[in-house]
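J.: If you want the building blocks of each chain, they are given just below.
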Amino acid sequence: MKQALEGSQAIARAVSLCRPQVVSAYPITPQTHIVENLSRLVADGVLDCELVSVESEFSAASVALGAVAAGSRAYTASSSQGILLMSEVLFNISGLRIPLVMTCANRALAAPLSIWNDQQDSMAVRDAGWIQLYCADNQEAVDMTIQAYRIAERCELPVMVCVDGFTLTHTLEVLDLPDQQLVDAFLPAFHFDRKLDPANPISVGTLVSPEFFTEARYDHHQALLQSAEIIEQTRREWQDMTGRDTGGLLGVAGDADARVGVLVLGSITGTLQEAMEASTDTEPACLITLRAFRPFPEQALRDACSGLERLIVLERALSPGAGGIVGSEVRAALSSLDRPPRVFNFSVGLGGRDVPLETWSRALAAVAGNAGAGFDMLDLEPSRLPQEAL
Amino acid sequence: MTQEIEIPLAELRRNQPRFGGLESGHRACLGCGEALAARLVSESAGPDVMYANATGCLEVFTTAWPDSAWQVPWMHSLFSNAASIGAGMEAALKAQGKATKVIAMGGDGGTFDIGFQALSGMLERGHNVLYVCYDNEAYMNTGVQRSSSTPHAAATTTSPAGSESMGKRHLKKDIVSIVAAHHIPYAATASVAYPSDIRKKVRRAMGIEGPSFLHIHAPCPLGWGHDGALTIEVARLAVQTGLFPLIELERGGVAGAMPIREVRPVSDYLGLQARFRHLFADSARAREELEHLQALANHNIEVYRLRGESRQDCMDSEGADTVRRGGMRWA
Numbered sequence: 007m008k009q010a011l012e013g014s015q016a017i018a019r020a021v022s023l024c025r026p027q028v029v030s031a032y033p034i035t036p037q038t039h040i041v042e043n044l045s046r047l048v049a050d051g052v053l054d055c056e057l058v059s060v061e062s063e064f065s066a067a068s069v070a071l072g073a074v075a076a077g078s079r080a081y082t083a084s085s086s087q088g089i090l091l092m093s094e095v096l097f098n099i100s101g102l103r104i105p106l107v108m109t110c111a112n113r114a115l116a117a118p119l120s121i122w123n124d125q126q127d128s129m130a131v132r133d134a135g136w137i138q139l140y141c142a143d144n145q146e147a148v149d150m151t152i153q154a155y156r157i158a159e160r161c162e163l164p165v166m167v168c169v170d171g172f173t174l175t176h177t178l179e180v181l182d183l184p185d186q187q188l189v190d191a192f193l194p195a196f197h198f199d200r201k202l203d204p205a206n207p208i209s210v211g212t213l214v215s216p217e218f219f220t221e222a223r224y225d226h227h228q229a230l231l232q233s234a235e236i237i238e239q240t241r242r243e244w245q246d247m248t249g250r251d252t253g254g255l256l257g258v259a260g261d262a263d264a265r266v267g268v269l270v271l272g273s274i275t276g277t278l279q280e281a282m283e284a285s286t287d288t289e290p291a292c293l294i295t296l297r298a299f300r301p302f303p304e305q306a307l308r309d310a311c312s313g314l315e316r317l318i319v320l321e322r323a324l325s326p327g328a329g330g331i332v333g334s335e336v337r338a339a340l341s342s343l344d345r346p347p348r349v350f351n352f353s354v355g356l357g358g359r360d361v362p363l364e365t366w367s368r369a370l371a372a373v374a375g376n377a378g379a380g381f382d383m384l385d386l387e388p389s390r391l392p393q394e395a396l
Numbered sequence: 016m017t018q019e020i021e022i023p024l025a026e027l028r029r030n031q032p033r034f035g036g037l038e039s040g041h042r043a044c045l046g047c048g049e050a051l052a053a054r055l056v057s058e059s060a061g062p063d064v065m066y067a068n069a070t071g072c073l074e075v076f077t078t079a080w081p082d083s084a085w086q087v088p089w090m091h092s093l094f095s096n097a098a099s100i101g102a103g104m105e106a107a108l109k110a111q112g113k114a115t116k117v118i119a120m121g122g123d124g125g126t127f128d129i130g131f132q133a134l135s136g137m138l139e140r141g142h143n144v145l146y147v148c149y150d151n152e153a154y155m156n157t158g159v160q161r162s163s164s165t166p167h168a169a170a171t172t173t174s175p176a177g178s179e180s181m182g183k184r185h186l187k188k189d190i191v192s193i194v195a196a197h198h199i200p201y202a203a204t205a206s207v208a209y210p211s212d213i214r215k216k217v218r219r220a221m222g223i224e225g226p227s228f229l230h231i232h233a234p235c236p237l238g239w240g241h242d243g244a245l246t247i248e249v250a251r252l253a254v255q256t257g258l259f260p261l262i263e264l265e266r267g268g269v270a271g272a273m274p275i276r277e278v279r280p281v282s283d284y285l286g287l288q289a290r291f292r293h294l295f296a297d298s299a300r301a302r303e304e305l306e307h308l309q310a311l312a313n314h315n316i317e318v319y320r321l322r323g324e325s326r327q328d329c330m331d332s333e334g335a336d337t338v339r340r341g342g343m344r345w346a
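These protein sequence lines map, in sequence, to chains A and B.
Under the working numbering, the first residue of the first sequence is numbered 7, with each subsequent residue one higher.
Under the working numbering, the first residue of the second sequence is numbered 16, with each subsequent residue one higher.
Check before you lean on any hint, since a few could be wrong.
[Unchecked claim] Here are the simulated lysine-lysine pairs, DSS-like style, with alpha carbons at most 30 Å apart:
no., chain 1, residue 1, chain 2, residue 2
1, B, K188, B, K215
2, A, K201, B, K109
3, B, K113, B, K215
4, B, K187, B, K215
5, A, K201, B, K113
[Said to hold, decoys possible] Simulated coverage check for chain B against chain A, where a stretch passes if three residues somewhere in it have a Cβ under 8 Å from a Cβ of chain A:
no., stretch
6, 55-66
7, 72-78
8, 83-92
9, 106-113
Quick caveat, the hints were computed from the structure, so don't treat them as lab data.
All C-beta atoms in this analysis are idealised placements derived from N, C-alpha and C, irrespective of residue type, glycine included.
From just these sequences and the hints, can you work out the full model?
T.: Written out as structure tokens, the structure is:
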């Protein structure tokens, strides 16, 4: 049913439709509305689950981990500093191959302190061994949250659904929330083969010597690689049931014969789409939206970029001392093409800086001519730098 | 015609069916107090349990893939989250309508220090979890570094005794009082020197709906510097000197204490351990520290009224276990 909902409210309702048995979380802006809405659903008897309001994000992730290990479907959500505080647990969850779903309401990392959006937090746990999915709008946030449970439980891997803080979490959009019957049909009741059970006692999380460690890591790596197919399959099944094509590894829009492409993650997608449609005087371009950052869809990316001469990668994160995070990975993936496009990598919208429609023309201007294809901050305001830096 | 059968009593006792949650074959050191305590806890807790184990010696010596000494569902996640993992398990079991009891456990490092916040959160939220702390008074797994549980004046690798140092400067954290201040239904201290007391307290905690805490004093021969054969004796002396009082607390108030029949001087306990060797040097500072530790023991005896009123209390520090083992014979 179509309705106008705030992003966080919609995500909470989507989580509730997945019937989690344990929800644990600790408040942090801009994730708070998700958890508040879930608490409201529990208080009103809409959602029957154990709600554990813990004393830290570290415990939020740990409670969710313990709950799944004991055989229940669980959920948690966080942002920014909270993601960092739980990062030790995040690595543990994936290493133990625990099918858990969490929302990351993307926010910058301090210092300097910023409560506003960028994607530095989820990028900081890029190597945690989780599946990472990025949502372009709140309809995707709803659909991909539900898909995430199916993906997680099929792959026995945790999934982090990333939504841009404020831009998505605090924005009212008209969206279609599936009904309970549909979700129940899409997502079977939780069953975890390796759950802890007194009738069949197992030991989980044992010490592993160098003799077996590499094989455990190989197994984890393979599981992530193989999850790519499950993510695509889940996208198709969701489309069959709802008619909506959301999820998957990446999306390609715009001119299929274009020689210029732009690659983004998250809510910048909509801004660029609109800007590209409006700019009739610029050369045709295609828009690539990376939905899955882990597993990294190398082949799908090569296919999408094979005809391009120039690719602009815009990202809301930075690896200080190196440059872009997504940009370097994209460049590496495309290097095996016969005629790889030149990759221009820019950061935009760090710490909540607005990404306006002009971003597109600005990016095009920056890559015109024979400018070096490196890394730059597209929306830097040199006048605001301290004098000695100039 | 009747036939006389000789009953091999020792063998009969060995063959008695008894539940063992932690089996033999693990890799603990000789005389490890923690291994003994964990075995006693797992025996008394029975099979309908689920364990969350913090990182530490216990986790390391009982597992190592592909082996495990655990006969019960057992999980290790991280150093500082045993209480939270336990809370998550309990929430899941509650959601599933199951009565399986969750036991979270860790050493003093995982309980007093790095896992302290998670422990406090679990207690405050009232999870139906028994938390067991095996206290060997330092970070033994990493090589005997001081923790907030290390007693005053004990030498460790990060609080060594030397010309400018008398070992750890600070006092042992009074964890059981802090835990009891959460006003949980049941908190208790125990010692590996008193196995039936441990059993009794575990059974008591298992029957409680809500959070409970058991703090077990467990000598580490390697870290404390005593012979592995002396583990029980050393542990018993900690109780008999008043340095480690065995108490029970209900909803924050003291509900019971094991009386000491004959109070021993702290030097009897300290003298058996290399970590306190510097206290027996012929110096004013050493004498001062010994007096300090004696004063701490005296304080415990006074606060918890540990001096047995009767000289023959069968439940006191001399009788407690012999009574339950074989009647009054040695009491």
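J.: Give me the numbers of the hints this structure contradicts, sorted from smallest to largest.
T.: No hint contradicted; all consistent.
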